[in-house]
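Since each chain sits alone in its own frame, please combine them into the complex, following the hints.
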Amino acid sequence: MIETRELSKHYGDLKAVDHISFTVTPGQVLGFLGPNGAGKSTTMKMIAGFLTPSAGSVSVCGFDVQTAPIQAKQVLGYLPEGAPSYGEMNVAGFLDFIADVRGLRGETRRRRIDDAIGRLNLGKVMTQTIDTLSKGFRRRVGLAQAIVHDPKVLVLDEPTDGLDPNQKQEVRALIHAMAKDKTIIVSTHILEEVHAVCDRAIIIADGRVLADDTPAGLEARSRYHQAVSLSTDNAKAAQELLTRIADVAAVVIDPQDGRVTAFPRPGQQIFAAVTEALRQNHFPFHEIALEQGRLDEVFRQITQTAATEAVMV
Amino acid sequence: MNMSSKHMINILFRRELRSYFATPVAYVFIVIFLVLAGAFSFYLGGFYQRGQADLLPFFNFHPWLYLFLIPAVAMRLWAEERKSGSIELLLTLPVTMWQAVLGKFFAAWAFVGIALAMTFPMWLTVNYLGDPDNGVIVAGYLGSLLMAGAFLAVGSCLSALTRNQVIAFILTVAICFLLLLAGWPLVLDFFRGIGLPLAVIDAIAGLSFLTHFQSISKGVLDLRDLVYFVLMIGFWLYASAVVIDLKKAD
Numbered sequence: 000m001i002e003t004r005e006l007s008k009h010y011g012d013l014k015a016v017d018h019i020s021f022t023v024t025p026g027q028v029l030g031f032l033g034p035n036g037a038g039k040s041t042t043m044k045m046i047a048g049f050l051t052p053s054a055g056s057v058s059v060c061g062f063d064v065q066t067a068p069i070q071a072k073q074v075l076g077y078l079p080e081g082a083p084s085y086g087e088m089n090v091a092g093f094l095d096f097i098a099d100v101r102g103l104r105g106e107t108r109r110r111r112i113d114d115a116i117g118r119l120n121l122g123k124v125m126t127q128t129i130d131t132l133s134k135g136f137r138r139r140v141g142l143a144q145a146i147v148h149d150p151k152v153l154v155l156d157e158p159t160d161g162l163d164p165n166q167k168q169e170v171r172a173l174i175h176a177m178a179k180d181k182t183i184i185v186s187t188h189i190l191e192e193v194h195a196v197c198d199r200a201i202i203i204a205d206g207r208v209l210a211d212d213t214p215a216g217l218e219a220r221s222r223y224h225q226a227v228s229l230s231t232d233n234a235k236a237a238q239e240l241l242t243r244i245a246d247v248a249a250v251v252i253d254p255q256d257g258r259v260t261a262f263p264r265p266g267q268q269i270f271a272a273v274t275e276a277l278r279q280n281h282f283p284f285h286e287i288a289l290e291q292g293r294l295d296e297v298f299r300q301i302t303q304t305a306a307t308e309a310v311m312v
Numbered sequence: 000m001n002m003s004s005k006h007m008i009n010i011l012f013r014r015e016l017r018s019y020f021a022t023p024v025a026y027v028f029i030v031i032f033l034v035l036a037g038a039f040s041f042y043l044g045g046f047y048q049r050g051q052a053d054l055l056p057f058f059n060f061h062p063w064l065y066l067f068l069i070p071a072v073a074m075r076l077w078a079e080e081r082k083s084g085s086i087e088l089l090l091t092l093p094v095t096m097w098q099a100v101l102g103k104f105f106a107a108w109a110f111v112g113i114a115l116a117m118t119f120p121m122w123l124t125v126n127y128l129g130d131p132d133n134g135v136i137v138a139g140y141l142g143s144l145l146m147a148g149a150f151l152a153v154g155s156c157l158s159a160l161t162r163n164q165v166i167a168f169i170l171t172v173a174i175c176f177l178l179l180l181a182g183w184p185l186v187l188d189f190f191r192g193i194g195l196p197l198a199v200i201d202a203i204a205g206l207s208f209l210t211h212f213q214s215i216s217k218g219v220l221d222l223r224d225l226v227y228f229v230l231m232i233g234f235w236l237y238a239s240a241v242v243i244d245l246k247k248a249d
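If you read the protein sequences in the order shown, they are chains A and B.
Note that numbering that gives the first Met the number 0 has the first sequence beginning at 0, numbered continuously upward.
Note that numbering that gives the first Met the number 0 has the second sequence beginning at 0, numbered continuously upward.
This is chain B alone, in the form it adopts within the complex (with noise of 0.2 Å):
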C-alpha cells in the first residue's frame, strides 16, 4: 500500500499533463504560443536585419508573451478543480497536499515546456543561416524555462484563491506584471514616491523577473539567478498549499 512521494506525484503529473491534450486548450495554447513567440521575434525583434546569429530577439519576447499565456494556463489549475468539486475528490484520496501541489505545477511546467520545445526550428534556422553561440541558446532556453515557472507557481497560488477562472487569469496577469517590471522605473519610482528606504527599494528592485531573466539569456548562469528563480517557485508553491487548505471548503 505505502509508496513513495516521488511516485505518487508522478500519477499526478501524467493524470494533470494528459488533461491538457483531452481538451482543445492545449492545441490553441501551443499554436498561439508559436506563432507569436514567431512573429515577435521576426518583425518586432527584427530577426533578420539585426544580422547577428543569435536568438535575443527571439528570448527578449518571452517575458511579455508569458505575461498573457502563462496565467491562461494557470487559472485552471485549482479554480477548475473547486468549480467541478473534484478537489473534494483529490484531497480525501490518499494524496499529501504537497504531493498534489507539486503534480499540478509540474504538469503545467512540462506542457509550457512541450510548447517551448516545439520552438526548435528557431534554433534551427539561426544554425542554418549563421554560426551562433549554442551555449547561451540553451542558457535562454532554461532561463524562459524557469521564468515559465516562476509564473506559473505565482498563478498556481492565485488560481487556488477563486473558484472563478477569468479572476485567477486577471490576478495573475497583475501580480506577474508588477514582479517582472519590479526593476523598472515605473515601479521603483511609485516605492520611492512612498519614502521606502533605500535598502528596501534595492530588495524590491531585485526581484524583478526581468533582470534575472535577461542575464541568464545573455549566457550568464549565474547561480544567484538560478536560486532566485527556484526561491520564487518555492515560495509561491508554499503559498499554494496554505490558500487551498484556508479555502477548500468555501
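With the rest of the complex left out, here is chain A (with noise of 0.2 Å):
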C-alpha cells in the first residue's frame, strides 16, 4: 500500500511535482508515465525516502516515509533511476551485502538470495565484477537488489530501461509473476509497456497529475477508439463510399501507408455499418480492425495540451 497526499516537491521557482495525490493498493500494478522531466522519477525518490518533499507526505505500508523512514524503507524495494550499484564489487558480493542490510539471515537468507538469482537469471554471472557487466545485467543486479527481501511494496523506476526486447519480455514477466501480492509502481516511457504490465496509469507532467485510469479507459479517450480502419488498393473510392455513413464522422487516410479509417461520430458504433456497406458494394480489400484506441496519441493529447495551456498561462 503505497499512499501520497499532495505531495510536492519544488527547487526555488520550479515545482518538480505539484500535489500529487493517490493511493495503490496491493495487487496493485500502477503505471507512472510521462515525458522526460516530468516529475515521475523525483515522485518516486520522495516515495522511496531519498528526496524529502517540499510538502505533502507519502506513506508506505502505514509508515510515513518521514516520520519513520526506517520503518517504510524495510518494506519497500526501489529500483532507482538508471539502477546504480557499487561497480568494484562482483554480483555474489553485492547481493550479499543488500542482504545483510536487508537483516536476512540463515535458511531465509539462502534462499531469498537464490531465489533473485533465478528470477532474474543471473547464475552465470555471480562472480563477475558489476562494471564489466553489459547494462542489461547491470539493470537485473539492480532488480535483483530491489526484490531480495521479498518487499510488499516495489518501486521501480525505468525496470526495463537498456534491455533488449527478450530481457524486457522477461522482466515484465518478473512484475506479473509478484504483482498479486505486492503494491507495485513502475515508470517507464514506453506506452506499449502500459499494456504488458500495468493495470493502472497515470500521466503526469510538469509535476502535476493529467490522467489516472486504467490503460483501456485511457485508450477509450483516444480518437481512434472505435474506429474502423481496413487496408485496399482503392483508398479513395473507400474514402467516398464510407463516408456516406451517417455514424461515420470522418474518414482519413494515412499519408505514409495508405490505410484507411473511418472515425464514429461520440458515442457510435460504426463496425457493423461499415462491414455491410463494404459487401454491399462489393468493395475488395484486405484486410478490416477495429481499433481500441492508442495510446501514444492520447498520451501526447493530454501531455501537450497541459504544455499549451502552461505557456498561455
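Hint data in this document are derived by calculation from the structure and do not stem from the laboratory.
The beta-carbon is built from N, C-alpha and C at its ideal position, and this holds for glycine as well.
Among the clues, some could well be false.
Straight-line alpha carbon distances no greater than 27 Å define the calculated DSS-like cross-link-like pairs of lysine-lysine that follow [unchecked claim]:
1) 217(B) <-> 5(B)
2) 167(A) <-> 181(A)
3) 247(B) <-> 14(A)
4) 151(A) <-> 167(A)
5) 179(A) <-> 167(A)
6) 179(A) <-> 151(A)
7) 134(A) <-> 167(A)
8) 134(A) <-> 123(A)
9) 246(B) <-> 14(A)
10) 5(B) <-> 14(A)
11) 151(A) <-> 181(A)
12) 247(B) <-> 5(B)
13) 82(B) <-> 134(A)
14) 247(B) <-> 134(A)
Cβ-Cβ distance ranges computed for the label pairs, FRET-style [said to hold, decoys possible]:
15) 13(B) <-> 114(A): 17 to 27 Å
16) 168(A) <-> 35(B): 49 to 59 Å
17) 34(B) <-> 61(A): 54 to 64 Å
18) 12(A) <-> 96(B): 20 to 30 Å
19) 127(B) <-> 122(A): 52 to 62 Å
20) 12(A) <-> 169(B): 30 to 40 Å
21) 168(A) <-> 33(B): 52 to 62 Å
22) 128(B) <-> 51(A): 56 to 66 Å
23) 64(B) <-> 35(A): 42 to 52 Å
24) 51(A) <-> 144(B): 32 to 42 Å
25) 47(B) <-> 51(A): 51 to 61 Å
26) 24(B) <-> 26(A): 43 to 53 Å
Structure follows, in C-alpha cells:
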C-alpha cells in the first residue's frame, strides 16, 4: 500500500512535483507515464525516502516516510533510475551486502538470494565485477537487489530501460508474477509496456497528475477508440464510400501506408455499418480492424494540451 | 528485522573497506605512503645522523604526508557515491544517515590505520639499533592515527559537497593546510592583521592540528589533546551528515 497526499517538491520557483495524491493498493501495478522531466523520478525518489518533500506526505504500508523512514524502507524495494550499484563489487558480493543490510539470516537468506538470482537469470555472472557487465545485466542486478527481501512494496524507476526485447519480456513477466500480493509502481516511457504490465496508469506532466485510469480507459479517450481501419488498393474510393455512412464523422487516409480509417461520431458504433457497406458494394479490401484506441495519441494529446495551457497562462 | 546500529555500521564498514582493496587504489596508496614515510625520516629527518633511538623524525613528517595523501583517500568517500548514483541506493536502504556516515568514515580510517601499521619495520629498526622509549612510540602512533582521523573527517565533509573528486581533493588539502598551520605565524599574522581580539587569535591557535599532534608524539598524553581530536572528528562528521542531506538531490 502506497499513499501520497498533496505531495510536492519545489526547487526554487520550479515545481518539479505539484500536489500529487494517489493511493495504490496491494495487487495493483501502477504505471507512471510522462514526458522526460515530468516529475516521475522525483515522485519515486520521495516515495523511496531519498528526497524530502517540500510539502505533503507519503506513507508506505502505513509508515510515514518522513517520520518512520527505517520501517518504511524495510518494506520497500527500490530500483533507482539507471540502476546504480557498487561497480567494483562482484554480483555475489553485492547481493550478499544487500541481504546483510536487509537483515536476512540463515536459511531464509540463502533462499531469498537464490530466488532473486533465479528470477533474474544472474547465475552465470555471479563472480563477475558489476562494472564489467552489460547494461542489461546491470539493470537485472539492480532488480535483484530490489526484490531480495521479498518487499511488500516495489518502486521501479524504468526497469526495462536498456534491455533488449527478450529481456524486456522477461522483466515484464517477472513483474506480473510478483504483482499478486505486492504493491508495485513502475515508471516508463514505453507505452506498450503500460498494456503489458500495468492495470492502472497515471500520466504526469509538469509535476501534475493529468490522467489516472486503466490502460483501456485511457485508450477509450483516443480518437481512434472504436474507429474502423482497413487496407485496400483503392483508398480514394473507400473514403468516398465510408463518408456516406451516417455515424461516420470523418474518413482519413494515412499518407504513409495508405490505410483508410473511419472515425465514428461520439458514442457511436460503426463497425457493423462499415462492413455492411463494404459487402453491399462488393468493395475489395485486404483486411479490416476495429481499433481499441492508441495510447501514444492519448499521451500526446494529454501532455501537449497541458504544455500549451502552461504557455498560455 | 531489527538490528542494532552497531551491527549496521559494521556491515557498511566491511563493504567499504573491502572496496578499497578491490581496486589498485589501496595498493598504490600504501606503497607511496610507506616509501615517502621512509624517505622523509631517513633523508630529511636524519634518522641515523641524530644518533637518538626514537621515531621523532618519522612522526614529524606525518602531518605533511597526510596533507596530500589523506585527501586522496577521503575525496572518494561521498563524491563517488554521488557521481555513480549509488548514494540513492545507499540512502534508500534501511540505513540511517549516521550509520552511513560512520560506516564509511571508520572504513577509511581503518584503511589508513592499516597503512600506518605497515610502518612497523621502522619500530623494529629503532629497537634493534638502540633502546628507545616504546611508550613514546605508541603515543606517536596513537597521535598519528587520531590526526589521520581528523584529516579524514574534514575530507568526508568536503567530499559530500561535490560530485567532482578533484574539487573534493583540492578543498580538503586547502582546509587541512589551514587547520595544520592554525598555530603558526603564517596564519595567525593574517588574523592579527585584520584586527581580531587576542582571545579569538588564541582560540584559532588552539585549533592547530600540529601543536596537538606534536605534544602527543613527544609522549605527552594530555587528555585535552585527545578530546581535541575526538571533537574535531565529531564536528566534521556532523557537518558531513548535514551536507549530504542538503546536497544529495543535486
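Each hint tested on the structure:
Pair hint residue 217(B) plus residue 5(B) does not hold up; C-alpha atoms about 34 Å apart against a cutoff of 27 Å. The hinted pair formed by residue 167(A) and residue 181(A) meets the criterion: a straight-line CA distance of about 20 Å does not exceed 27 Å. Only pairs whose Cα atoms come within 27 Å are accepted, and residue 247(B) paired with residue 14(A) is accepted, the gap being roughly 18 Å. Our distance criterion of 27 Å between C-alpha atoms is met by residue 151(A) and residue 167(A), whose separation comes to about 23 Å.
Using a Cα cut-off of 27 Å, the hinted pair residue 179(A) and residue 167(A) holds, with the two alpha carbons roughly 20 Å apart. For the hint linking residue 179(A) to residue 151(A), the alpha-carbon distance of about 10 Å falls within 27 Å, and the restraint holds. Between residue 134(A) and residue 167(A) the alpha-carbon distance is near 13 Å, which keeps this suggested pair within the 27 Å criterion. Of the supplied pair hints, the one linking residue 134(A) and residue 123(A) holds, its CA atoms being roughly 15 Å apart against a limit of 27 Å.
For the given pair, residue 246(B) sits about 18 Å from residue 14(A) by alpha-carbon distance, which is consistent with the 27 Å threshold. Restraint check for residue 5(B) and residue 14(A): the C-alpha separation of about 39 Å exceeds 27 Å, so the hint is violated. As the CA atoms of residue 151(A) and residue 181(A) are separated by approximately 5 Å, the hinted pair is consistent with the 27 Å bound. The hinted pair formed by residue 247(B) and residue 5(B) meets the criterion: a straight-line CA distance of about 24 Å does not exceed 27 Å.
With a C-alpha separation of about 17 Å, the suggested pairing of residue 82(B) with residue 134(A) holds against the 27 Å cut-off. A C-alpha spacing of about 24 Å is found between residue 247(B) and residue 134(A), which places the hinted pair at or below 27 Å, so the restraint holds. Distance hint check for residue 13(B) and residue 114(A): the Cβ-Cβ separation is about 24 Å, which falls inside the suggested range of 17 to 27 Å. The hinted range of 49 to 59 Å is satisfied by residue 168(A) and residue 35(B), whose Cβ atoms lie roughly 56 Å apart.
At about 58 Å, the beta-carbon gap between residue 34(B) and residue 61(A) stays in the expected band of 54 to 64 Å. In this structure the hint that residue 12(A) and residue 96(B) lie 20 to 30 Å apart at CB holds, the actual value being about 28 Å. A hinted range of 52 to 62 Å for the beta carbons of residue 127(B) and residue 122(A) is consistent with their spacing of about 55 Å. At roughly 32 Å, the beta-carbon separation of residue 12(A) and residue 169(B) lies within the given 30 to 40 Å, and the hint holds.
A hinted range of 52 to 62 Å holds for the C-beta pair residue 168(A) and residue 33(B), which are about 54 Å apart. Checked against the hint of 56 to 66 Å, the C-beta distance between residue 128(B) and residue 51(A) comes to roughly 60 Å, which is consistent with it. For residue 64(B) paired with residue 35(A), a C-beta distance near 48 Å keeps the hint of 42 to 52 Å intact. For residue 51(A) and residue 144(B), the hinted distance range of 32 to 42 Å is satisfied, since their beta carbons lie about 36 Å from each other.
The given range of 51 to 61 Å is respected by residue 47(B) and residue 51(A), whose C-beta atoms sit roughly 60 Å from each other. Between residue 24(B) and residue 26(A), the C-beta spacing of about 47 Å keeps the proposed range 43 to 53 Å intact.
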